[in-house]
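As given, the protein sequences belong to chains Z and Y, one line each in that order.
By this note's numbering, the letter at position 150 of the first sequence is numbered 519, and the numbering carries on one by one without gaps.
By this note's numbering, the letter at position 74 of the second sequence is numbered 58, and the numbering carries on one by one without gaps.
Take these hints with a grain of salt, some might be off.
When the alpha-carbon atoms are kept at most 20 Å apart in a straight line, the in silico DMTMM-like pairs for lysine to aspartate or glutamate are as follows [as the list claims (entries may be wrong)]:
no., chain 1, residue 1, chain 2, residue 2
1, Z, K551, Z, E386
2, Z, K394, Z, D422
3, Z, K416, Y, D146
4, Z, K394, Z, D426
5, Y, K46, Y, E341
6, Z, K394, Y, D146
Computed beta-carbon distance windows for the label pairs [claimed, not checked]:
no., chain 1, residue 1, chain 2, residue 2, range
7, Y, G78, Z, R410, 41 to 49 Å
8, Y, D234, Z, A404, 32 to 40 Å
9, Z, A646, Y, G55, 38 to 46 Å
10, Z, R572, Y, D260, 55 to 63 Å
11, Z, R655, Y, L127, 32 to 40 Å
12, Z, P428, Y, E289, 41 to 49 Å
13, Z, L672, Y, L127, 54 to 62 Å
14, Z, L672, Y, L326, 36 to 44 Å
15, Y, D99, Z, H671, 49 to 57 Å
16, Z, T467, Y, I191, 15 to 23 Å
17, Z, A646, Y, E341, 16 to 24 Å
Calculated from the structure, these hints are not laboratory results.
Even glycine gets a Cβ: it sits at the ideal position worked out from N, Cα and C.
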Amino acid sequence: MAQAPIALGQAVNRALETAMEADPKVIVMGEDVGALGGVFRVTAELKDRFGADRVRDTPLGEAGIIGTAIGLALRGYRPVCEIQFDGFVFPAFNQITTQLAKLRSRSHGGLTLSVTIRIPYGGRIGAIEHHSESPEALFAHTAGLRLVSPSDPQDAYDMTLAAVACPDPVIVFEPKSLYWSKGTVNQAEADPGRASEVLNRARVLRRGDQVTLAAYGPSVPQALRAAEQLAQTGTAAEVLDLRSISPIDFAAIEESVARTGRLVVIHEAPVFFGAGAEIAARITERCFYLLEAPVLRVGGYHLPYPPALIEHDHLPGPDRIADAVRRTLEF
Amino acid sequence: MPTATVTAKSPSPAPATGPVTSTEAVTGTTGALRDPSAEHRPDPSIRRSMYWDMVLTRAFDKAATALQRQGELALWAPSLGQEAAQVGSAHAVGADDWIFPSYREHGVLRSRGVDLRQLLGLFRGADHGGWDTSAARVHLYTLVVGAQALPAVGYATGMAMDGIPGAVIVYLGDGATSQGEVNEALVWAASYQAPVLFLIQNNGWAISTPSGTQARVDLARRGEGFGIPGQRVDGNDVDACFTATAGALDRIRAGQGPELIEALTYRLGPHTTSDDPSRYRDQQEEAAWKERDPLLRARHSLEAEGLADEEFFAAADSAAAAFASQVREYCLAIEPPRLPDLLSQVYATPHSLIEEELASLGAER
Ligand SMILES: Cc1ncc(C[n+]2csc(CCOP(=O)(O)OP(=O)(O)O)c2C)c(N)n1
Ligand SMILES: [Mg+2]
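Same shape as in the complex, but just chain Z (with noise of 0.2 Å):
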């Protein structure tokens, strides 16, 4: 059907009404989500049509809202838990990481946790300190947890229904500056197929033969503009949506960079230790043979996310990574 284009945080507040209305296990929990509809507005409206019982405004507190979550996901509901900005997911950092990460693993796969945790994420949108950040690698690194990340309102809306619908918890990494950006979404209800391919695998965005640019949720807008501009200039990139985080497809990465011989990976999070880092040396270890070019990556500088008016300095625009791209082809 044919519909008008939303924006992408529209794309998950339909996603969560599609949710909410197919399974009455499933309950909206976080900071001001229900009369408000979150800061962003991503929850607007749920609470009338759905009740208080089922959009639940919190304490302030984010370690109580993924240690309840985690206890009424015991009791077979899917919380979808808002954590109102990046930079405050830390009070919740053991309740995640001790407990819902593991708990199905300590139980032998008895315990299943289906609790999803959508944080608003990224930067490029000026605010104040804590407000900006890409804490997606310290997840990464916990066993137990999926990442994803939407670059558009279909992904938005397909990723937050998989990840609602999914056993497993799954974090969903919200780019800030993207939740105005409108595309036409198929609101379709819950399908595995979709659900499966959102969650795992990796899309093509645009072709090119001579590099592959790699980047997942805010950054994928960035390598598009930056593959425009190489292509004025002759360099034909190919552009890849990671997608998911955890697992990352390395498979389809592995596939481009069998045709390019060059790959270029992008994030808004600090470069040491991030997700560019494990993709580098796992296509190293796959594909050593096809590389022209050592990986390289571009991202955040190792500092604490800095204030608004440099964030554009920090993080990685076309010219940032035109610029590795070149590097890469020099090389």
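Since chain Z is already given, all that's left is putting chain Y with the ligands on it; use the hints.
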């Protein structure tokens, strides 16, 4: 309220955490009896069965401690001395209720019908869990101090949403009450009026730290500012622990909101088998608490009231000895886990990294 007993080695003037007398069996926050009715007193058959579980728990605990000394367990956390607080409270828990233990609640598990031998894997280095949580309605042990509190409250919230007439009891130590998460759990429980009972076993110590370092008020009062009523119970009086817990759970199940109980007891053994209490606490303090041994007290009261005879006590002892004698054999037969199994149990859904690592296991061999 008891007067403060500051031991020679306590670093700070501790508030009332010392020995209590049995006259203050069940006292409210203000010192008044919170639940003076006879309604929740254990009947003779419950009292005998509690005694039985205390004896079996102690025998098992001693056997496990011995296994650690023999190098068969990596570590053991003894429940010695805390049997009344654990068994008394757990016997008051209903069939629909759920238990979220800490890591020392062997008496709770025994009372709930969990085969205590299933605990050995965890301490042998073979397992991180051990029992079927839904069969026993006992969550797995939690080693991260206090981390079970919030899941327990969430679980209780879910029970209330489901309209189940049950409650959750969450076990915490005196040290655990200082954790931010435990305080957050009190906020959550009060805010949602969750059907949950916080049962704090104040055993005087968090490893080497006296309970006075954790709190400048009686822990029974820790819930007050959160809007959660509390009471202190003599944690070495198994009947009192039963009565206090049964009363609290009845009110909680009736929708009257969360409560807190401080069971004042004592860890007679080391924190774990790796600990050396002589470095931080007084022999005299231990000796004083040995005199309040909860098993002896339970036995004396059963005898005094003519509720059990020599034959019963002898049967309990021989059942305990028989059980303890099987522990070693069971322990030695525990297999180490297999890496492929562990890898397969991390996620419910296929995960390419796991698949890759599973495949690499074959290649490395
Ligand atoms: C978060 C955390 N910090 C530290 C430890 C190490 N530790 C294990 S038990 C313990 C003391 C706990 O004392 P208490 O809550 O009184 O329980 P008890 O051991 O007396 O039963 C400590 C510090 C831990 N397991 N978890
Ligand atoms: Mg203690």
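Each hint, compared with the structure:
Annotation: proposed proximity of Z/K551 to Z/E386 holds, straight-line Cα distance about 19 Å (limit 20 Å). About 11 Å separates the Cα atoms of Z/K394 and Z/D422, which keeps this hinted pair within 20 Å; it holds. Taking the CA atoms of Z/K416 and Y/D146, the gap is about 19 Å. The hint holds against a cut of 20 Å. Between Z/K394 and Z/D426, the direct Cα distance comes to roughly 17 Å. Compliance with the 20 Å bound is thereby established for this hinted pair.
For the hint linking Y/K46 to Y/E341, the alpha-carbon distance of about 41 Å lies beyond 20 Å, and the restraint is violated. At most 20 Å may separate the alpha-carbon atoms for a hinted pair to count; Z/K394 and Y/D146 meet this at roughly 10 Å. A C-beta distance of roughly 44 Å is found between Y/G78 and Z/R410, which places it inside the suggested range of 41 to 49 Å. Distance hint check for Y/D234 and Z/A404: the Cβ-Cβ separation is about 36 Å, which falls inside the suggested range of 32 to 40 Å.
At about 41 Å, the beta-carbon gap between Z/A646 and Y/G55 stays in the expected band of 38 to 46 Å. About 59 Å separates the C-beta atoms of Z/R572 and Y/D260, a value consistent with the hinted range of 55 to 63 Å. In this structure, Z/R655 and Y/L127 meet the distance hint of 32 to 40 Å, their C-beta atoms being roughly 37 Å apart. The hinted range of 41 to 49 Å is satisfied by Z/P428 and Y/E289, whose Cβ atoms lie roughly 47 Å apart.
At about 35 Å, the CB distance of Z/L672 to Y/L127 disagrees with the hint of 54 to 62 Å. Checking the proposed 36 to 44 Å range against Z/L672 and Y/L326 shows it holds: the Cβ atoms sit about 37 Å from each other. At roughly 52 Å, the beta carbons of Y/D99 and Z/H671 sit within the given window of 49 to 57 Å. For Z/T467 and Y/I191, the Cβ-Cβ distance of about 19 Å falls inside the hinted range of 15 to 23 Å, so the restraint holds.
In this structure the hint that Z/A646 and Y/E341 lie 16 to 24 Å apart at CB holds, the actual value being about 18 Å.
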